[in-house]
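Modelling step: build the complete structure from the supplied sequences, incorporating the hints.
Protein sequence lines correspond, in order, to chains W and S. Residue numbering for the first sequence follows the working numbering, starting at 74 and increasing by one per position. Residue numbering for the second sequence follows the working numbering, starting at 212 and increasing by one per position.
Fair warning: there could be bad hints in the mix.
Listed next, the in silico BS3-like pairs over lysine-lysine satisfying Cα-Cα at most 30 Å (straight line) [as the list claims (entries may be wrong)]: (1) K268(S) with K174(W); (2) K177(W) with K136(W); (3) K142(W) with K152(W); (4) K268(S) with K115(W); (5) K169(W) with K222(S); (6) K169(W) with K130(W); (7) K177(W) with K222(S); (8) K136(W) with K174(W); (9) K132(W) with K115(W); (10) K142(W) with K268(S); (11) K152(W) with K115(W); (12) K152(W) with K174(W); (13) K136(W) with K152(W); (14) K222(S) with K115(W); (15) K177(W) with K115(W); (16) K268(S) with K169(W); (17) K222(S) with K174(W); (18) K152(W) with K177(W).
Hints were generated in silico from the structure; no laboratory data involved. Source: prediction; values computed, not measured.
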Amino acid sequence: EDQVTQSPEALRLQEGESSSLNCSYTVSGLRGLFWYRQDPGKGPEFLFTLYSAGEEKEKERLKATLTKKESFLHITAPKPEDSATYLCAVQGGSEKLVFGKGTKLTVNP
Amino acid sequence: DAEITQSPRHKITETGRQVTLACHQTWNHNNMFWYRQDLGHGLRLIHYSYGVHDTNKGEVSDGYSVSRSNTEDLPLTLESAASSQTSVYFCASSEDRVGAGELFFGEGSRLTVL
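Have a look at this one:
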């Protein structure tokens, strides 16, 4: 059974304080690992897809990396507008996405 | 701009009533999905469709049904609402089936069953 575990559950940072979110996974035949951002009262918004170990993707202050067992979402010099819940999901042989419970990030000014 | 819309955004109903949540997308995507989101759980797949007249059960499909009569719409029906179905429901669509992790989500429908 495909599984995704995200840590920490919540993270509070000061503006400019860089950090990383973790997504550990077990999947049979990884087709892709996906990161989403979710603002309160909104639907998730797609950020990145990673397909193989060693791959990296960047978007503004965010960089996602992938190994055979986990993915990291690195946030460099975050701003208050980066505050959101970040969701990780994997797609394996079943083709259906399995989501983690998310990490709630708060960036204080 | 293409979009995906859900209605109603908020609904309160009573146990035993039938409820239908609407989902309409203008992306012209073949693939559509319904998820529920609850505290302490990740998004969980209820039902999905890969095209007109195609429907499939997800991991939490009991008590729910869907039908797909056109590309744009995938309504979700709760045949007899239960308090355990109080949740936030999200509809999503995607262009690709394989590698279909790039989902476009609606804004969600918050359902309360009393």
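Could you work out which earlier hints the structure fails to respect and list their numbers in ascending sequence? Checked against the structure, no hint fails, so every one of them is satisfied.
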